[in-house]
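S.K.: Chains as they are written, first to last, in the numbering used here: chain D, 6 to 312; chain R, 1278 to 1633; chain B, 2 to 436.
To be clear, the hints were calculated from the coordinates, so they are not data collected in a lab.
One thing to keep in mind: the hints can contain errors.
As the list claims (entries may be wrong) - With a cut-off of at most 20 Å between alpha-carbon atoms, the simulated EDC-like pairs for lysine to aspartate or glutamate come out as follows: (1) K347(B) to E365(B); (2) K59(B) to E92(B); (3) K268(B) to D69(D); (4) K280(B) to D74(D).
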Amino acid sequence: MSTATTTEQAHVSAAELAKLNKPTRDGKYWAGLIGTIAGMSFIVIYCILPFYWMIVSALRQPTDGRSTDFLPNPPSLANFGAVFDPRNQFGIALVNSLVVSLTTTLLTLVFGILAAYALARLRFWAKGLVLSIIIACSMFPGITLLIPLFKLFTGNYPSFPLNWMNTYQALIIPTLSFGLPLCVWNLTAFFRQLPVELEHAAMVDGCTPGQAFVKVILPLAAPGVFTTAIITFIAVWNDYMIALQFGTSPEMYTAIVAVSKFTGQYGFDTPWGTIMAAGVLITVPLLVGVLIFQRRIVAGLTAGGVK
Amino acid sequence: MAAASSAVTEKRKKNPLSDGQGTLAALLISPTMAVILFVVGIPILMSLRESVFRKDTAIDPNTGLIPEGETFVGLGNFTAIFTNPQLVPGVWGTQDRLVNAFWNTTFFTVVCVIAETILGVAMALIMAKAFKGKGLVRAAILVPWAIPTIVSARMWGLIFDGEGVMNRIVGQQILWLADGPQSQWAIIISDVWKTAPFIGLLTLAGLQTIPGEVYEAAKVDGANAWQQFTRITLPMVKPALVVAVLFRTLDTMRMFDLPMGMIGQGKYSVETISMFAYIENNALRYGAAAAYSLLLFLYIVFIAFLFVKFLGADVVGDDELKAIAEQRKRQKAAAKAAGTTPALAKSTVTSGSSSS
Amino acid sequence: MSHARTARRVLAATLSVGALLVTAACSSGTTTPSAGGSASASGTDWTKKGPITYAQGKDTSGNLKGEIDEWNAANPNEMVTFRELPDSADEQRAQMIQRGQAKSGEFTVMSVDVVWTAEFAANGWLEELPADKFPTTGYLKAAVDSATYFNKLYAYPSSSDGAFLYYRKDLLDDAGVMAAPTTWDEMKAACDKVLAKNKSMSCYAGQHQKYEGLTCNIAEAVNSAGGAFLTPDGKPAVNTDAAIAGVQWMVDAFKTGLIPKEAITWKEEESRTAFQTGKIVFLRNWPYVYNIASKDAKFKDKFAMAPLPGKTGPGVSTLGGHSFGISKFADNKGTALAFVTWMNTKENQIRRLTTASNAPVLEELYDDAALQAKFPYLKVLGDSIRAAAPRPKAVKYGDVTLAIQDATYAALQGQKDAKTAFTELQTKLEALTQG
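Produce the complete structure using the sequences and hints provided.
M.R.: Written as structure tokens, this is what we have:
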């Protein structure tokens, strides 16, 4: 290809002139193109292949659980049907997951935006300390926080006599602590890079600082807020340990916990197909969301994490 | 910068950083801090208290019951690794179980984070070059990230099964789910798969802020591709990359779900400190469990400190604080030279990147 | 070497920081749970009625749901709510321990594995069960023993379990082996004949992944070679010649390929699939395999069951099973008492056998002709359970079983020879069972 274009350059026709005005497509260009395409296909295959295995395993017959055929043979939707077996109460679990994830995301955002605004815009002596505490919060091994929290939530202490087992607040409040640091950190960086003059201008126009923030800064920060919301939502949706610890009755299972309790047909049976089918069902809504919003997610990351 | 220099002339207050916005700030920050205090602060304090006690284990010879109670042991739980090592055979030789978990944690963190970074950066570079199908690649890259860890652990467990598809592909029978170096690699492969894309995304975000003209100029100056990469790309994405890598490091150091869900407990080749602390708690050694989580916490804080110190991770990312610190330093130096008491710096503009 | 030294230095450095934090915490005066709360051991109220919960692992057959629904329909004021625990025994134990640790009565009745009784009882999490309210006459002695701690009953046996040798009857017949092997040597001889025609198969497998199943399997090997994990008075005895001979058999079986190499990652299901897909001739497994294999039209005539083989004669199975434990911290123990005794009626035990293939604890059921006709394996199972050896009864059972698994796994993987591994194990077990 490349040699053809170079040798024919001697006879310059109008058409070829137009071609030449385009960027030169020499060997390097094609190598680069092929490299990029190869790279892109590598990424796609790398990311999708294990997931493909999950889908294939879900589409097998329940009895072919650990088969290694690259295509389900024969394909079957029985596993997906099994997920919604009334015994599993998977529908309730999905609703719980939605309630917990949405509430947590919303609360995280409200708390996070307030805190991030203060950290980005206001001056107070403890700023460094507050930031350090918030960051340090994401350094403590989460699994070991659960045991003290469990003692607290079972109503053992006279100073905290409430039994919060199997309540939404027990699922939501601990989860907040895992979402908040990232949220505050991300949004602080975001707010900080929006020029402060914008607020000043708004205030000159008669806005209070609060109004200036809500009317000027928040809309501008929307991509960052959006990205943070999605990251938090996914993190909460995927949480297993907290949900397992505090939701022990079937009415309070989240989808992930419900999956872990799927029963096979008999003792010792691990219903691989059903688990994989449920895994697909839990992941696909996230993927659809991510697909729709991927442009915004990347935009939010671009603007937020990096200055 | 202008703000800081004008500060010198202003009237001094009791605290150079406070100018009356403190109340509002306290109000805005309190919900977050309340949540953190409640679900992180109190448990940490409870762990601290637990870590200096040891549950009594003496059995009453008549009833067989263990009288309830605990003994204050001071740092006994922390020093037990020296005084009473619990030797286990791991990949790193036979040593104390905590030390073994420490090396596993460190090994996983180092290998996973390096592999994720290299892969992630490579992915970002490819994605930045991509023109058509960018959306497809981006969406694909988010797949591993969106799959719940616990489901991913089951999925990889199925793939790495003795009769599983991985062995079918490599054409050998590697017993990934046994206990040995191969199980460590099974963990590493699945962890890298899940998180490399995330680093890739964050790096891509950083890449896209680099103006194209910079590369054009470099090309004109005759820089080759590698030089462009090391001299322009890397330094420009470094802030984003270092923070991404730091967060990944902190996360990997606390790894729990993946080895627990995929390989299982009691496998010393994949036992991390998080897992060990959890298992010790289930063995009713609450004090030791709390002590180990605190040690892990300190280890993580230490690594985070190293990141900030040597890689310049801008975690706090507050320009104002930095500017003031620098201003103070300069003023002190100037004052020293002039032989007068330094006036402390104070900013007037409420930060924002308008200054940079 | 240098690794260890740096590690120690790092740790020493972190320790000094830790010390600072500790002092800080002490002075901050946090509220702490009152240590050593008064345990009201005497005077349990066995009359209080009201709603309770029942916690156990997965209800695979759906039988439990049926039982609970039936109870709830008959006792609307004493509703039982089912708390389904995770799949693995380790996680179930973790959930129960956390309730004990937090003195939470969230689980009124718990399905306690036979090996957890000592630990739960000693820590004061289980209510002692008075003999007049919880009669055990007619129960399998081994099952009652396993629920007893310091001569007191702490849990009410609900099901028992014993292992079988499943074998490919078709292949054995084909090779001219007419009877199931009763010794390891006979099994090997049978395999030699069968494998001569079926080159791709292996001889035998059980569960050799590093988990509780390995403890069961190695205990069987030791007991079947004439050894024992514990002497009759409860002292560990794993370094006897007989015990080591048992371990050596399994080690050699791996070395010579009698057990396929990949069996080191097998649990119950992996080994069952291997058997059912024709990878192994002999399988050691629990009764549940019968139900599955006999439903497979292509496979149901190919296999048969026999007692486990041993070194010189029939082998000894490990005793399994569960009991109902009643939480010390729970309310409404009157209902718990009524529910548990109702669950153990003869009718309910038969129902659990028929629908969930749980081995009953009522001894007479094993000799019931009608049931034997329905479950051809019932007699063999009864014999297996009557002869079964319990695993060590230890308060620190978690540590004990891990030590056993460590030693076995190291021996099977060739890191240590059987004698060294089990001599070390003896030292560990002596320390663990001391008190």
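S.K.: Work down the list of hints and note, for each, if the structure agrees.
M.R.: Against the structure, the hints:
Distance check on the hinted pair: K347(B) and E365(B) sit about 10 Å apart at the alpha-carbon level, within 20 Å; holds. Proximity of K59(B) to E92(B) is assessed by CA-CA distance (about 12 Å); at most 20 Å being required, the pair is judged to hold. With a C-alpha separation of about 18 Å, the suggested pair K268(B) and D69(D) falls inside the 20 Å cut-off, and the hint holds. Simply put, K280(B) and D74(D) have alpha-carbon atoms about 18 Å apart, close enough for the 20 Å limit, and the pair holds.
Taken one by one, the earlier hints all hold for this structure without exception.
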